[in-house]
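> One letter stands for each residue in the lines below.
There are 2 protein chains.
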Amino acid sequence: MNDPQKGPVFTDIVLEVFKLGGLLVSEGDHMGEEYGITSARWKVLGALSLAGKPQTVPQIARSMGLTRQAVQRLVDAMREDELLCFQNNPDHKRAKLICLSALGETVFSKLSEKQSGWAMECSTGITKAELETTLSVLKRISESFER
Amino acid sequence: MNDPQKGPVFTDIVLEVFKLGGLLVSEGDHMGEEYGITSARWKVLGALSLAGKPQTVPQIARSMGLTRQAVQRLVDAMREDELLCFQNNPDHKRAKLICLSALGETVFSKLSEKQSGWAMECSTGITKAELETTLSVLKRISESFER
DNA sequence: CTTGTTTTGACAACATGTTGACATAATGAG
DNA sequence: CTCATTATGTCAACATGTTGTCAAAACAAG
Chain L
1 MNDPQKGPVF
11 TDIVLEVFKL
21 GGLLVSEGDH
31 MGEEYGITSA
41 RWKVLGALSL
51 AGKPQTVPQI
61 ARSMGLTRQA
71 VQRLVDAMRE
81 DELLCFQNNP
91 DHKRAKLICL
101 SALGETVFSK
111 LSEKQSGWAM
121 ECSTGITKAE
131 LETTLSVLKR
141 ISESFER
Chain R
1 MNDPQKGPVF
11 TDIVLEVFKL
21 GGLLVSEGDH
31 MGEEYGITSA
41 RWKVLGALSL
51 AGKPQTVPQI
61 ARSMGLTRQA
71 VQRLVDAMRE
81 DELLCFQNNP
91 DHKRAKLICL
101 SALGETVFSK
111 LSEKQSGWAM
121 ECSTGITKAE
131 LETTLSVLKR
141 ISESFER
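Protein chains in written order, with UniProt numbering: chain L, 1 to 147; chain R, 1 to 147.
Don't read these hints as lab results, they were simulated from the structure. Keep in mind that a hint or two might mislead.
Any copy will do: because identical chains look the same in the list, a pair fits if it lies in one copy or spans two.
[Said to hold, decoys possible] The calculated lysine-lysine pairs, modelled on DSS-like cross-linking and capped at a C-alpha distance of 27 Å, are: (1) Lys19 / Lys53; (2) Lys96 / Lys43; (3) Lys53 / Lys43; (4) Lys19 / Lys93; (5) Lys128 / Lys139; (6) Lys19 / Lys43; (7) Lys110 / Lys93; (8) Lys96 / Lys139; (9) Lys19 / Lys139; (10) Lys53 / Lys93; (11) Lys114 / Lys96; (12) Lys93 / Lys114; (13) Lys128 / Lys19; (14) Lys93 / Lys139.
Whenever a hint applies, use it, and build me the whole structure from the sequences.
Shown next as structure tokens:
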């Protein structure tokens, strides 16, 4: 369990995560291209859809693990593109509620369909057990940095 | 093997890779802070050290999987900071050879030491077999996008 | 109610990546 | 050798993230 050879393997995983992250962003950008959407915007749609109700910018930011400033910029741009709409927040004069527009919902659901087929394709040749181990390891590593 | 439940697990892995990537960059930035180095610059030092001999900017870019423009900007800034030095390339008037300065080598070796201890710490609680499965899965996914 | 703290939006500066465009240097085909 | 192509450095615009700062709104004590 305390095999000193674990360090180098861990290091390789780190480098692979960097590389794969870049490749996945490109894949996401490409998938969203036909809807005029990038990976970052897709994630905002996902956060809103997951929440199931309108959210403030800081709420979205916390759920995505980004700063509120980064999310604010995305949200402002996506409102320009009619993917989102703003509602007044009865509980807070400044913090507007962000919700999916009809267009936003349509785009997100089409992307979800496309993505689920893609995910199935990508996992050919990898067993479910391997995928689950991978997810579990990545989550444990993430958690170790969050505290 | 063609379990339809693999898709959702794959999707979770994708999201975890995004999240972990961000966390790892922060960790790297923090580790390099005392040497005035960021994750991106660290990777340039690593590429040069791995190559074992002076490299041109496009060579470094190809080995890192980045565009030459991105690497050029890093390299120019790192030369300002005395981490790298340029040599004339006898084979090419414009494409200068980039090499580690004495400072660059020192910083990289100190960072490597620090990083290897960190990698060992991070892998406590994870078996070597789990780490190896994870690395293998990530590599297979990466490879599927490279062609 | 008043006061001190936290949350939020807005703005700016920076780091790191991308793409596109341009001129020049190197190379290869004929 | 000449000419078309490729490789390189440079510059600019953009996307996405960060941090820091400021003022206004919300909130929590007292």
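> How do Lys19 and Lys93 come out at 27 Å by Cα distance, when the copy is not named: within, between, both, or neither?
Answer is neither: 43 Å inside a copy and 32 Å across each miss the 27 Å cutoff.
> Check Lys93 against Lys114 for me: Cα-Cα at most 27 Å, and say if that holds within a copy, between copies, both or neither.
Neither: 38 Å inside a chain and 48 Å across chains, both beyond 27 Å.
> First find the shortest C-alpha distance between Lys19 and Lys139 inside one copy, then the shortest across copies, and answer within, between, both or neither for a cut-off of 27 Å.
For Lys19 and Lys139, the Cα distance is within 27 Å both inside one copy (18 Å) and across copies (9 Å).
> Checking an output row: Lys96 and Lys43, CA cutoff 27 Å. Within, between, both or neither?
So Lys96 and Lys43 pass the 27 Å test inside one copy only (19 Å; across, 41 Å).
> Is it within, between, both, or neither for Lys96 and Lys139, if the alpha carbons may be no more than 27 Å apart?
neither (32 Å within a copy, 43 Å between copies)
> Have a look at Lys93 and Lys139 and pick one of within, between, both or neither, based on CA distance no larger than 27 Å.
Result: close neither inside a copy nor across copies, 37 Å intra and 49 Å inter.
> With identical chains treated as interchangeable, where does the CA-CA distance between Lys110 and Lys93 reach 27 Å or less: within a copy, between copies, both, or neither?
neither (34 Å within a copy, 51 Å between copies)
> Checking an output row: Lys53 and Lys93, CA cutoff 27 Å. Within, between, both or neither?
within (18 Å within a copy, 60 Å between copies)
> Pop the pair Lys128 and Lys19 into one bin, within, between, both or neither, using alpha-carbon distances up to 27 Å.
Both. Shortest intra-copy (23 Å) and inter-copy (22 Å) distances satisfy the 27 Å Cα cut-off.
> Which holds for Lys114 with Lys96 at a C-alpha limit of 27 Å: within a copy, between copies, both or neither?
So Lys114 and Lys96 fail the 27 Å test inside a copy (31 Å) and across (45 Å) alike.
> Checking an output row: Lys19 and Lys53, CA cutoff 27 Å. Within, between, both or neither?
Answer is between: at 23 Å across copies they meet the 27 Å cutoff, but 34 Å inside does not.
> For Lys53 and Lys43, with the copy left unspecified, which applies at a CA distance of at most 27 Å: within, between, both, or neither?
For Lys53 and Lys43, only the intra-copy Cα distance (16 Å) is at most 27 Å; the inter-copy one is 41 Å.
Violation of the numbered hints given earlier is confined to hints 4, 7, 8, 11, 12 and 14; the remaining hints are satisfied by the structure.
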